[in-house]
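**Q** The residues making up each chain are set out below.
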Amino acid sequence: MSLLRVEHVTKSFSGLVAVSDVSMEVEEGELRAVIGPNGAGKTTFFNLISGFLRPSSGRIVFDGSDITQLLPARRVWRGIARTFQVTEVFPELTVRENLRIAVEVASGYRLRPWLSRHSAGKVECRVGELFEMSGLGPRADRRVGELSHGDQRATEIMMSLALNPRLLLLDEPTAGMGDQETYDITQLIRKLHKEQRVSIVLIEHDMRVIFHLADRIMVLAEGKMLAEGTPDQIAASEAVQTAYLGRAA
Amino acid sequence: MTRLPKHSTSMVVWLLLLTLPFWMSAIGGYTALGSRVVVLALAAMSLNFLLGFTGVLSFGHAAYFGLGVYGVGLTLKYLLPNTLVGIAVGVLAGTIAAAVVGALIVRLRGVYFAMVTIAFGQVFYFIAYRWNTVTGGDDGLSGWRRVPIELGVTRLDILGNDKAFYYLVLFCFAGAVTAMAGLLASPFGRTLLAIRENERRARFLGIPVDQHIWLSWVTSCMFVSLAGALYALLNNFADPHDLRWDQSGDFVIMAVLGGMRAFWGPLIGAAIFVVLQDYVSSQTENWMSFIGLFFILVVLFFPRGVLGILRRKSAS
Ligand SMILES: Nc1ncnc2c1ncn2[C@@H]1O[C@H](COP(=O)(O)OP(=O)(O)OP(=O)(O)O)[C@@H](O)[C@H]1O
Ligand SMILES: [Mg+2]
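Keeping their order, the protein sequence lines are chains P and B.
194 is the number that the numbering used here gives to position 194 of the first sequence; each next residue is one higher, with no gaps.
Quick note: to get the numbering used here, add 249 to the position in the second sequence (first position is 1).
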């Protein structure tokens with residue numbers, strides 16, 4: 001059984017069909033890339049999966065149960081976490097506080113008016129692990145808003161990972177980054193995928209990143225699914241060349 | 250930045266408050282003025298729990314403050330001459346009303362939320378204003394006084410002794426403020442900061458934002474109704490203006506004036522507000538324009554409030 005099954009979803013905004021009859025299956029442990037030109041409907045597709053938007057028609061099944069109508073927070077509780085195309089963090093709080101909030105919510109402590117020393121210790125331990133994995137440790141007590149773009153992205157990814165998701169949706173994690181930052185984030189994603197065994201779907205424009213990371217690629221154009229296959233198949237596909245790669249080059 | 254009380258600042262604040270009745274007259278004040286500062290500071294800090302630490306603007310907090318006021322007044326006048334029961338009734342009335350109103354408006358955001366809080370506030374004001382026979386209408390509710398508190402072995406003469414009343418007020422203030430500081434340092438409190446910082450991120454971390462805002466709102470209103478109850482006891486009088494929109498505005502002014510990102514900011518704001526009101530109103534009728542001018546200057550030049558600017562000075 002696949003972890004995520006998107007069945008014929010369509011989303012229209014007063015006339016404009018942003019996503020049109022798209023289906024996708026993601027297996028446990030897979031790393032899937034979604035590519036397509038600007039305005040293809042990639043972010044809208046993520047919004048449908050994460051519950052930011054409801055589809056006009058179609059069905060979304062996660063881990064065997066229909067989640068099409070669930071509120072975002074409930075989808076998170078079931079194991080779907082996401083990042084955004086424009087970084088969404090808590091800018092005035094420190095990196096540590098950002099991560100701690102995510103860990104506490106994931107631990108079911110969100111309504112606790114106090115924490116036993118034992119629980120607080122467990123939270124701290126988990127936050128420490130996240131610092132270790134991400135290399136953000138040296139900037140733990142800086143406000144996130146002061147950090148470089150790349151570190152803010154990394155913080156957002158680690159916050160999402162703190163939720164122990166089964167499926168992680170990353171919307172253009174390397175957007176607006178220089179070569180070094182792109183490389184670092186790519187390595188981080190690769191590591192999380194390998195070590196944490198989390199399934200990942202990522203939207204990406206940078207072909208080096210995609211060919212480095214993805215097991216399979218789905219191509220969207222004008223709201224429709226154009227092709228799906230391994231990186232090599234997609235690179236060889238003529239339809240994709242003309243619709244996307246050709247235009248980008 | 251998240252400014253939970255720093256240890257040294259808190260020590261100074263508590264020391265000043267604990268000794269207030271002994272130096273207040275030396276600087277030309279009087280104990281009841283100190284009580285007024287502490288009561289209004291509690292109201293402004295309660296509002297700021299919502300405004301500064303959850304990022305939700307309410308222009309209707311006077312409604313719950315006023316329910317505290319009338320809860321005490323009506324209890325002492327008609328029900329039973331017991332100050333503590335009066336406080337309990339006032340707090341309960343404010344909290345229950347806030348829980349109901351909150352459930353109706355918690356989906357709204359920003360200015361829409363603020364507008365609806367005003368609208369609901371005015372409903373309570375008109376009830377107090379119109380229901381002459383019970384509330385005294387525009388004349389307010391008089392003909393009652395606070396009652397000394399029997400503590401078994403001893404008797405706390407809060408009626409005859411201003412200092413005793415001040416310490417009752419300070420005791421309630423301390424309990425409420427400690428509870429709020431504790432909450433803000435807890436996982437629940439951090440979810441509120443998260444909502445203030447970025448509601449979308451909070452929601453996609455799995456925080457049911459509306460539920461958390463409702464809880465913050467009810468907590469904030471509960472403490473503001475405690476302030477209202479104490480305010481009624483201070484004045485031995487319930488004034489319908491205590492639950493009108495301009496009273497809500499005063500609380501917002503105090504919070505912003507003192508610095509709404511600093512835990513103690515609204516206390517400073519309340520102190521400035523009350524002292525200015527006391528001194529300037531004896532000189533001129535137009536004391537409110539002085540407050541207004543001062544407020545505009547602070548907002549324009551020190552957006553983080555008076556305490557914010559003091560902090561920055563001491564940091565650099
Ligand atoms: N909330 C919305 N209301 C109306 N139209 C929208 C909305 N969200 C997206 N659209 C439209 O839907 C189309 C697809 O947008 P989407 O953001 O999904 O594209 P994308 O593939 O993520 O593009 P990009 O690569 O630029 O991020 C665009 O034409 C966009 O203007
Ligand atoms: Mg996009």
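No wet-lab data here; the hints were simulated from the structure.
We treat Cβ as the ideally placed atom computed from N, Cα and C, and that holds for glycine.
Accuracy of the hints is not assured; some may be wrong.
If we take Cβ atoms under 10 Å as the criterion, some of the chain B residues that face chain P in the derived model are [to be verified]: (1) A352; (2) L353; (3) R356; (4) Q371; (5) F437; (6) L442; (7) N447; (8) R449; (9) F453; (10) G455; (11) E534.
**Q** Are the hints correct? Go through all of them and say.
**A** Hint-by-hint comparison with the structure:
A least Cβ separation of about 17 Å between A352(B) and chain P goes past the 10 Å threshold, and the interface hint is therefore violated. Because the smallest distance between the Cβ of L353(B) and any Cβ of chain P comes to about 19 Å, over 10 Å, the interface hint for this residue is violated. Hint status for R356(B): violated, given a least beta-carbon distance of 12 Å to chain P, over 10 Å. The criterion of a C-beta within 10 Å of any C-beta in chain P is not met by Q371(B), whose closest approach is roughly 33 Å, and the hint is violated.
Annotation: interface hint on F437(B) holds; nearest CB of chain P at approximately 5 Å, less than 10 Å. Proximity of L442(B) to chain P holds as hinted, the smallest CB-CB distance being about 6 Å (cut-off 10 Å). With a cut of 10 Å, the hint placing N447(B) at the interface with chain P holds, because the nearest CB-to-CB distance is about 5 Å. Proximity of R449(B) to chain P holds as hinted, the smallest CB-CB distance being about 6 Å (cut-off 10 Å).
With a least beta-carbon distance of about 6 Å to chain P, the hint placing F453(B) at the interface is held under the 10 Å criterion. Checking G455(B) against chain P by beta carbon gives a least distance of about 3 Å; that is within 10 Å, so the hint holds. Proximity of E534(B) to chain P is violated relative to the hint, the smallest CB-CB distance being about 42 Å (cut-off 10 Å).
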